[in-house]
Amino acid sequence: MSNGVRLKLEAVEKRFGKHHVLQKVSVDVRPGKFIAVVGQSGGGKSTLLRLIAGLDSPSHGSVLVDNRVVTGIRPDTRVVFQEPRLLPWQSVIQNVQLGLPRSKRPVAHDALQWVGLEQKANEWPSVLSGGQKQRVALARALVWNPNLLLLDEPLGALDALTRLEMQRLIEQLWLAQGFTAVLVTHDIGEAVTLADRVVVLEQGSITLDVPVDLERPRRRDARFHAIESYILDHVLGGPPEKELVLQGG
Amino acid sequence: MKLRRQAGNGRKLVSAAIPVLVIVLWQVLGAFGLIASSVLPTPLQVVQAGVHLAVTGTLWSALSVSAGRAFLGFAIGGGVGFVLGLLNGVFRWAETVFDATLQMVRTIPHLALIPLVILWFGIGEEAKVILVALGVLFPVYLNTFHGIKSVDPGLIEMGKVYGLNTLSLYLKVILPGALSSVLVGVRYGLGVMWTTLIVAETIASNTGIGYLAMNAREFMQMDVVVLSILLYALLGTLSDVMARTLEKKWLRWHPQFQVSAAEPA
Numbered sequence: 000m001s002n003g004v005r006l007k008l009e010a011v012e013k014r015f016g017k018h019h020v021l022q023k024v025s026v027d028v029r030p031g032k033f034i035a036v037v038g039q040s041g042g043g044k045s046t047l048l049r050l051i052a053g054l055d056s057p058s059h060g061s062v063l064v065d066n067r068v069v070t071g072i073r074p075d076t077r078v079v080f081q082e083p084r085l086l087p088w089q090s091v092i093q094n095v096q097l098g099l100p101r102s103k104r105p106v107a108h109d110a111l112q113w114v115g116l117e118q119k120a121n122e123w124p125s126v127l128s129g130g131q132k133q134r135v136a137l138a139r140a141l142v143w144n145p146n147l148l149l150l151d152e153p154l155g156a157l158d159a160l161t162r163l164e165m166q167r168l169i170e171q172l173w174l175a176q177g178f179t180a181v182l183v184t185h186d187i188g189e190a191v192t193l194a195d196r197v198v199v200l201e202q203g204s205i206t207l208d209v210p211v212d213l214e215r216p217r218r219r220d221a222r223f224h225a226i227e228s229y230i231l232d233h234v235l236g237g238p239p240e241k242e243l244v245l246q247g248g
Numbered sequence: 000m001k002l003r004r005q006a007g008n009g010r011k012l013v014s015a016a017i018p019v020l021v022i023v024l025w026q027v028l029g030a031f032g033l034i035a036s037s038v039l040p041t042p043l044q045v046v047q048a049g050v051h052l053a054v055t056g057t058l059w060s061a062l063s064v065s066a067g068r069a070f071l072g073f074a075i076g077g078g079v080g081f082v083l084g085l086l087n088g089v090f091r092w093a094e095t096v097f098d099a100t101l102q103m104v105r106t107i108p109h110l111a112l113i114p115l116v117i118l119w120f121g122i123g124e125e126a127k128v129i130l131v132a133l134g135v136l137f138p139v140y141l142n143t144f145h146g147i148k149s150v151d152p153g154l155i156e157m158g159k160v161y162g163l164n165t166l167s168l169y170l171k172v173i174l175p176g177a178l179s180s181v182l183v184g185v186r187y188g189l190g191v192m193w194t195t196l197i198v199a200e201t202i203a204s205n206t207g208i209g210y211l212a213m214n215a216r217e218f219m220q221m222d223v224v225v226l227s228i229l230l231y232a233l234l235g236t237l238s239d240v241m242a243r244t245l246e247k248k249w250l251r252w253h254p255q256f257q258v259s260a261a262e263p264a
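Protein chains in written order, with numbering that gives the first Met the number 0: chain A, 0 to 248; chain B, 0 to 264.
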């Protein structure tokens, strides 16, 4: 019953002027899987997501969704941004209905129900809390029944408790709908909580690719922490220049 | 709720105390001859003059002529300013072509053009409508342009991702985003509209409130002169109320305009 698409990156490169943001990034994600991309700021994570979303095109290589090259924004790919990006002059329900054909607008109420905000349908976004706004943004993406959901640090601006709640919600919705998900985050714990596979992106290249084979919902047990610290050690161990600087100091 | 309303009414009463006191004092001083009516007529005399002019119909024709000029000029100047602001805000090429020229023209005070406009168009309707239009054009242009330029690019990107075509991107994201700034331009433009009209009508006119005042000056009818000033004040207040009503209606979503938990209709 998988709704997901197969996502394949083939030697994707992205340059801005002389600056190489991504270098020969290749990943193959099976339909319906949840992959997390972690790494420090400026490592090219967001650029990678923009390429997958079709908001930008690679300098070399190609992004393939179900074996077809992505050339622009696809109606079955939806993005949740770090900021909720709700239209403040539209009510919550109108925000969820944004761009939907008239016949599908009633579904927006269901989508709000999925994220537990059906009673806020007629409020202005300005009265919602940060977590609620991000849940509306999630509903706005899911109402399209996407085959590929891209999450660009969607929980980065939320407090710790709200973040845990939102992680659970995202996992439940992903399990229910079966889309392929790509999560960009700098929070390794979040990546291990949500993803089937965690990829570390450093200075534009993938330096680590770890499967996370734990049962869901994930518990923060010893195996969880083992994976988390394995990735963390790798990230902190990082590129050799850094070690040299440390030794020199 | 009721208590709060009563408190609000009480505050309004207190706010009205000084104006009411001034009018009463003015009337009393005038009635006892402490202020000569050739210097300043009493409020009652002004009201009487108003009633007289209303009965003869002069008042209404002057009012409608002035208001007509003001709003025709506003519609033309505001319309042109809005369209130019929209064009330059949306299309980079239009900004390159027009903006520098508009900024240069803007530095000319439009009231300085009065002699030129009179020479060109005489003291007919065109002259005053053109002056008002020129005065209104720039505040509306600048605020529309700025409003569109300052729409959050993140929202525009989101709109594209969510499949909005160019038209609905403008209707749903860019124009509403610019609206509060446009309305600032409209309110400012309304102020400019009245001052321009007053100056233009006072200098060169044979109809309208300004003419009423200047004509009364010739015959030393102080009550009509004061009445004309009050009429301008009334019209100015009226247009400001209109602009504020529009703000309240169109910016309901804005936290600044939400009295309590507002519910969109």
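Just so you know, the hints here were simulated from the structure itself, not pulled from any lab data. One should not assume that every hint holds.
Stated by the list, open to error - In silico DSSO-like cross-links for lysine-lysine, where the CA-CA straight-line distance does not exceed 27 Å: (1) K11(B) / K248(B); (2) K248(B) / K171(B); (3) K171(B) / K119(A); (4) K248(B) / K119(A); (5) K103(A) / K171(B); (6) K103(A) / K159(B); (7) K32(A) / K159(B); (8) K119(A) / K11(B); (9) K7(A) / K11(B); (10) K119(A) / K247(B); (11) K17(A) / K32(A).
Unchecked claim - Chain B is nowhere near these chain A residues, computed Cβ spacing over 12 Å in every case: (12) E9; (13) G60; (14) Q93; (15) N94; (16) S102; (17) Q112; (18) L149; (19) G188; (20) E201; (21) R222; (22) S228.
Even for Gly, the Cβ is constructed at its ideal location relative to N, Cα and C.
Here's how the hints hold up against the structure:
1. K11(B) / K248(B): Distance ~24 Å between K11(B) and K248(B) Cα, so the pair holds.
2. K248(B) / K171(B): Holds: K248(B) and K171(B) sit about 16 Å apart, inside 27 Å.
3. K171(B) / K119(A): holds (21 Å)
4. K248(B) / K119(A): holds (21 Å)
5. K103(A) / K171(B): This hinted pair holds, its Cα atoms lying about 18 Å apart.
6. K103(A) / K159(B): holds (19 Å)
7. K32(A) / K159(B): Distance ~26 Å between K32(A) and K159(B) Cα, so the pair holds.
8. K119(A) / K11(B): Outside the cut-off at roughly 36 Å; violated.
9. K7(A) / K11(B): With Cα atoms ~69 Å apart, K7(A) and K11(B) exceed 27 Å; violated.
10. K119(A) / K247(B): Given that 27 Å is the threshold and the Cα spacing comes to 22 Å, the pair holds.
11. K17(A) / K32(A): This hinted pair is violated, its Cα atoms lying about 34 Å apart.
12. E9: holds (23 Å)
13. G60: holds (22 Å)
14. Q93: violated (8 Å)
15. N94: violated (10 Å)
16. S102: holds (15 Å)
17. Q112: holds (20 Å)
18. L149: violated (9 Å)
19. G188: Since the minimum Cβ distance to chain B is about 27 Å, G188(A) lies beyond 12 Å and the statement holds.
20. E201: holds (26 Å)
21. R222: Correct as stated: the minimum Cβ-Cβ distance to chain B is 37 Å, above 12 Å.
22. S228: The assertion about S228(A) holds, with a minimum of 35 Å to chain B.
In this structure, the earlier hints numbered 8, 9, 11, 14, 15, 18 are contradicted, and the remaining ones agree with it.
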